[in-house]
Every structure is written in structure tokens, then in C-alpha cells.
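Modelling step: build the complete structure from the supplied sequences, incorporating the hints.
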Amino acid sequence: MVGLTHNTSSGQIYFVSPAHRGRADEHKSIWVIEPTEEIACFDNAYTCLWYAGDKSWGLRIQGLNQLEIIGTNISRDSLRIAKFTYDSGQWHGYPADVNRKPKDRPAPAILAKWVSDGLISKPFMARIQGGRL
Amino acid sequence: MKPAKITIQGDFWDCQIYRGRLYLWQIDGSLRVVDWRQLVESFIDLPEQMLAMSAAFLQGRLLYSAETHSLFMDPELRILLMKKFDDLSDRMLVVTTDQVQYFTIGHYDNPFKELQTDTEILNNSIFALTYDGFWNVKTHLNGRRKIGQKTTKINDYIGYSLKAGKYARLALSCGDEGLYEYNAAKTYSNVFFDKDPCRIISSRHSSFADFNFLSLYNSSLLGNSFLSLFKLPAKVNYEEIFHEKYLDDEISEEKIFGRNEENTLSWGSNEKIYQASGGILRLTSFNNYEEDGSYFYGDKQYHFQNWKGKILRGGAAYFGTIIECENSIVVLIGEDQFHNIPGSATRWRVYPRSINYENHLHVIQDDRLEIYSFNHDYFEDRQTQKIGIIFNPNKPVFFKK
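Chains as they are written, first to last, in the numbering used here: chain A, 1 to 133; chain B, 1001 to 1401.
Among the clues, some could well be false.
Calculated cross-link-like contacts (lysine-lysine; reagent style BS3-like; alpha-carbon spacing at most 30 Å) [said to hold, decoys possible]:
1) A/K103 <-> B/K1310
2) B/K1138 <-> A/K103
3) B/K1300 <-> B/K1166
4) A/K28 <-> B/K1310
5) B/K1153 <-> A/K113
Since the hints were made in silico from the structure, they are not lab data.
All values reported here derive from a predicted model rather than from experimental measurement.
Listed below in C-alpha cells is the structure:
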């Protein structure tokens, strides 16, 4: 499954990148969820229209502001938001390090949608934007 | 003494106050400009309410002027004035969503096109950090339109926090990209005209930062906060400070406080550096110009309740220090004196650089903006060591202990 492309139920092609699995690259964040769960996370994000241009962000959520851990960064800190990018006709993704890398943060419009959908609160949105997750 | 409070109902994302105008960024993507004086004066029903209302919300500088201080030292006047502030604190001052329109002098699309990460106002310009870079737009215009038509991109830097300091400087905290300082002064001397107004302070992780005179304190939520200690060559003029000051040392939080425990956060502002951890706030004073290297003095320790969750941010004002936790904002104003604002806030701001709003704390909650006014400083001995930063009305460029 890893290193292969998959047709998702939302009609997209998704590539499970080996670079974000098993410390193949020590400079990249890695998933702690299974490849099937990674694909489902992307599929849900795309279906919910959580994308802006060629970028999309996904969550696995248990309740208001209760984001599941989906990966770890190079310092082994827990990561809770997935970032997906579209390139050459396919998507791939990785756990976003929103506290270290401002560019990894979900776009404000996506965060506002998560707020209006009741997934996160407005203070929680501000924490994500401010790198204080 | 309880703070006074004005509540403005609405769904807000950001706020600023500047030269009599309150700027309210709404979650719907608009920016409302409010005539602050008109709004405050609408709560004055009787002449005897005017002094406390005006001192609390319109003329904060009265708190710190020498002339006013002598008045407040008169025992009879103190009793009378304390009662006026107590009466004000007991009042429920609320502006509804409909009422705020009455005080609105401009309502526009957000000039930054998105719900920005952070803002500051300097020299009649609003500066903003967005996902697309660092921007500014003119403000405080007197024509029909109060905000400039044209928003200008300064550079491509994106980050988590923007903080203004004296002499038109801005600190940009950019996470793993580091900490930068931007010179927002309108004019540069000829010598420095062609130099980049943005310089890197440190390439280490930065969550937020503030100025300690020439130096900057870099706070990192990932640990390893530190002071970037800057110095000046002799005989440098005001205009040359930005380009002439040089980095002398990076002093770690551990070196300043002698310890660095888990879940600790430290921050600095002016002559104070704070460290919060496990219900204890440590404070040390800082002198940028000490020549023998003993920059830190007067350590103190305060206690606060630590049920409020992880510490997310800290800041300082003249009236005290502010500790943002997951479940509450704590304002420490003295030994065993604190004010809790329960719940997690979207944003809070203090305005120590301003003239007249130094005693304000603005807190954006889910469905309202709360504007607190802290007035206990009127009745304090100004010579004693304070928990907040020290007000110095005639502070020279080159501060000496």
C-alpha cells in the first residue's frame, strides 16, 4: 500500500508516500495511523471541501477540539492535523507541524469552516494560527 | 480593586485601539472602526461619573502622571476616588451588536483579505501577518474612508506573532524560520537608506517575542526561550539604532532563572523577564546597559493557581503581567492579587506603548469583546518594585538603572 497510488471514493488519486513512514527521512514528520486511515483522512477532507487550491487539511476528531494524534515530528512531538498537497495529478499528505512551521497551518478559510461546522472553537482556531496547539 | 469592564457583543476575531478609534475585525471578514470616545461617553449619565469613566477608559496616562499622583496621595481624595472606581467596577457596561452600529464611523472589507494571524498599529499604519506575507495599510484617515484603499505587501515572511516596540520597531516570530525585527520608521538617515529594514535576530524557533529596550526576548512554546542581548556603540543617534546595534549575546532562560522545568514558559518586556511554571511566576529585572555583565537583578516569586491548564502565552503591562492558560487568563497585579478571566479566549491585547490605553486589557471571547480597565495603580506607591513593567514618563533612549 505504501508507495502506491489509490483511487479514493471522492474520485481523487492519492499516493501514500513512503517518505512519511517509518523514518525513511529523518527530516520529515511521520504518520502513526495506518495507510488506510491516512487515505480515509484525505478522503474525508476532500469530501468536506477542506481544500484551498492545491492544498487540503484533514482531521480525525473525537469531539469539540479533541483532535486525535495522527503523526509525530522529527522531535517525536505529537501532531494532530494532516496536510495534503496536489501535484502532477495526484494528492499526497503528511502530518502537519503547525507549531513549528507556519506554512503547515490550515488556511484561515478552512479553520473558519471547522469552527462553523462545530469541530473546533474560535479560541482553538486562534491557537492553531498562533502555533500554540 | 476590581477592574472596570465594557463589553461589546459580537463575533470578533481581532481588535486594536489607536488614537480614539477602536478597530474590530469580525469573523464575517469585515473591519469595523468605532469612535471610542463617543462609545465611552454614552455610559456617562451623571456628572459625578465622568472622572472615573474618563480616567478608566479614555485617559489612562492620568494613572501615571506626577500631577495626578500627588492628588491620589491625599487621604480624603483617595477615599472619594476609590469609591468612584469601585462604583464604576460594579456597573454593567454593555454595548449590543445593534448599538455598536451607532458608534461605527467606518465598516469595510478586511483589507488583509483573510482572518489575519496578528496585527499591530504604528505610525498611522496597520501592520498584519497573514498566510501570504507581512502587510500594511494606512489608517486613522480623516476623510470619509478611515482606512487606506491600498494594502501593501512588505515582504513574504509569515509567522505566528507580531509585536511592536518603541521607535517603530516590530518583532516577527516565524516559528522554525526564527525571529526578525522590522524597522517601520518612515524615514531613514542617508547612511542606511539602502539597507534592508528587516533583519534576522535569531534563527532559533520563535512563538512570540517582545522588546526589552534594545534587546528582544524570544519566547518559544517548544522550550529554549532566550534573550537576544543587543548593545550599541558609543554616541549613536536615535535614527541609527536599528542598524547600529549589535548582537552581544544570546542568554538562555535557564541561565537567567537557573532552571528550566517541563511545561515552563518565559517572556520579557521592558525591564522585566518572567517565567511561569507549575503555579509559580518568577520575575527578574533587566538592565540592558549594565557594563559589568550583571544584567539581571531583583528576583521575585509569585504564586498563582495552576488548575488553569497549559500556559500558552504571557505578556506584560504597567498594571501587571498576563498569563494565558488553556482554561483562563490570569492577570497578576501584585503579591496574592490576581484577576481571573475564566474560559479560553480567542485573543487578548494590552497596549503599553499607547498614550491613554496603557491600563486596558482587551479579551475576545466567543460572542463578545471585553475591555477591562485596571486602575489600582492610582493608589500604589510607585517607588516599590512592581509586578508589571515600570512606567517612566521621561524615559531616555539610553535607559540607565
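We went through each hint and held it up to the structure:
no.: 1; hint: A/K103 <-> B/K1310; verdict: holds, 24 Å
no.: 2; hint: B/K1138 <-> A/K103; verdict: holds, 27 Å
no.: 3; hint: B/K1300 <-> B/K1166; verdict: holds, 26 Å
no.: 4; hint: A/K28 <-> B/K1310; verdict: holds, 27 Å
no.: 5; hint: B/K1153 <-> A/K113; verdict: holds, 26 Å
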